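In order, the protein sequence lines correspond to chains A and B.
Each residue of the first sequence is one higher than the last, beginning at 2 in our numbering.
Each residue of the second sequence is one higher than the last, beginning at 691 in our numbering.
All clues stand as given, with none of them false.
FRET-style restraints, in silico, Cβ to Cβ: (1) A:ALA14 / B:PRO859: 31 to 39 Å; (2) B:TRP758 / A:ILE175: 48 to 56 Å; (3) B:PRO921 / A:VAL31: 34 to 42 Å; (4) B:LEU971 / A:GLU62: 30 to 38 Å; (5) B:PHE855 / A:GLY135: 55 to 63 Å; (6) B:PRO898 / A:PRO190: 34 to 42 Å; (7) A:SER20 / B:VAL848: 19 to 27 Å; (8) A:SER237 / B:TRP868: 13 to 21 Å; (9) B:ARG1001 / A:ASP220: 47 to 55 Å; (10) A:MET274 / B:ILE955: 36 to 44 Å; (11) A:GLY135 / B:THR710: 39 to 47 Å; (12) A:PRO68 / B:SER774: 40 to 48 Å.
Keeping only pairs whose Cα atoms sit at most 27 Å apart, straight-line, the calculated DSSO-like set for lysine-lysine is: (13) B:LYS945 / B:LYS870; (14) A:LYS236 / A:LYS223; (15) B:LYS945 / A:LYS132; (16) A:LYS236 / B:LYS870; (17) A:LYS236 / B:LYS945.
In short, the hints are calculated from the structure, not lab data.
Being a predicted model, the structure only gives us computed values, none of them experimental.
We put the beta carbon where it would ideally sit given N, CA and C, even for glycine.
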Amino acid sequence: MRETAADRAFGVAVYVILSIVLVIILYPLVFVASASISDPLTVLRGDMWLFPTKISFVGYERIFSNPEILAGYANTILYTVVGTAINLVMTILAAYPLSRRDFAGRQVITWFIVFTMFFSGGLIPSYLLVKDLGLINTMWALILPGAVSVWNIIIMRTFFQTSIPAEVQESAAIDGCSNIQTLLRIVLPLSMPIIAVMVLFYAVGHWNSYFNALIYLNDREKYPLQLFLREILIKSEVDQMAGSMTASTQTYLMETEAIKYAIVIVANLPVLMLYPFLQKYFVKGMLIGAIKG
Amino acid sequence: MNSESAVETRSLGTRPSRGTRLLRSFRRNWDLYLLISPVIAYFVIFHYIPMYGVQIAFKHFIAAKGIWGSDWAGFVHFERFFESYYFWRLIRNTVLINLYELAVAFPVPIMLALLINEAGNRRFQRFVQTVTYAPHFLSTVVMVGLILMFLDPENGIVNRIIQAFGGEPVSFMTEPEWFKTIYVLSGVWQGMGWSSIIYLAALSGIDPALHEAAKIDGASRLQRIRHINLPGILPTIVILLILNVGSMMNVGFEKIYLMQNSLNIESSDVISTYVYERGILGAEYSFSTAVGLFNSVINCLLLVIVNAVARRVNETSLW
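Model the full structure from these sequences, guided by the hints.
Right, dumping it as structure tokens:
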């Protein structure tokens, strides 16, 4: 069937609008990447619009010679690894029993868990609890209060129910597997895609979070990267970093700028490198969630 | 499965009572209960105990006396909040930011999904998706950092463009009237791709035969979007709308807090940042818990109401 002129015009408009969207999304990202490796003076003067001008790595040099930021990076990696491991185990522990139709009481337990999505004690009672448990200023304050997410339990339970045939589990039981053996030997090996989704969901969450660290940590040695980012990007506290080795205010200003751009890239490097996987698995996770959600 | 329970199951003549069924399941699947017990313990400790702790909203909480031992205060904290100078300002900002988001940030992903769906070239579709999902992975801190960089009154690229066209530079972050626009539009930038995923999934579920039939009847592409695609994703839209309205009073604390400064506070002060300020920084535990509780109760009510309305009007609802 031949297209009418109006339809053809519409087709062109679709591509034009989407291209504009692409530019709007991409431009800031490319700008930051370019600015991070450009001479800060050209960036400050506004000579740099898109591509790097006069390559310079001064921002990166300052960052990698700062012990606090490196320690923050190490802390974030530690919190992310430990936190994600606990998240994953807890999610499986909840999702597997709830996926079993012969698990009496699963409706009650599901409601018990889902109810917390709709009503919560709020910030202050949670804060007081963490304080009473003696978790303040420990990494457990960042990990335990969010040990598992209701939403992810639901996603994983749905996956177990829809993607792992019940017959396989039943025959394992007839062959003498206990429930735990069935989970470990049959169900989990078949669930690698959803496990990847969960690891990524949780890990990105830990990597990017700052709020719990802000309210629960006191010692700077324990700060995760995001809190240092906050100081640099938002409170513009770069005094010691840029100021220590320079005399003139102009150099100071320039280095401050360079550090800001470079730290954005450094902080997002792991996420950027993982992005191809992230995209594939995250979308998958979203879709499994959407079926039930 | 042990042989005892197998025999039991087979010998069932009548449907056993709930209690015996539970007992039998427990005997057969005791290890499943073992597996889930840490999770239940977690929810009890980190969710239900704070719910129990909410009672300090009605007490004069003193740490030494504990939650239970502190004296009852009735509704004084609520009264103090309702009568405070900040009450209407907090409500106004919280509601306005949400309405603004609902009006702007909610429809954009729908339009984006419809557009991506219309672009025939698969590789172009993929590319648009890859690019638009990317900002979702930036942390809140980085996102706000980017906002500050780009809107900087002297060096920010936005002001440079304004000046290039002969305009006066705007100090976006210190002008209260700009706050909500910046908050919402940066949210659109960061989230529109990611939020469109769910609509794209719904669109891919629409039967192509409908489009073929409409084409034969001479429907234009716009008409087909209007009469096939939109109705096709309407249930998804309604569900997400319910969820959005249901969390109406829950403005994202993390981003607002970072964007806030003493000059834009008039427009950026919301309930959650107020609770943080008075509770965590000011240690007024009972008062700020009361403010938080007021917020959660409104949220719950909104969710129930919107859900009921949606069920009546559209036969789509959460429960």
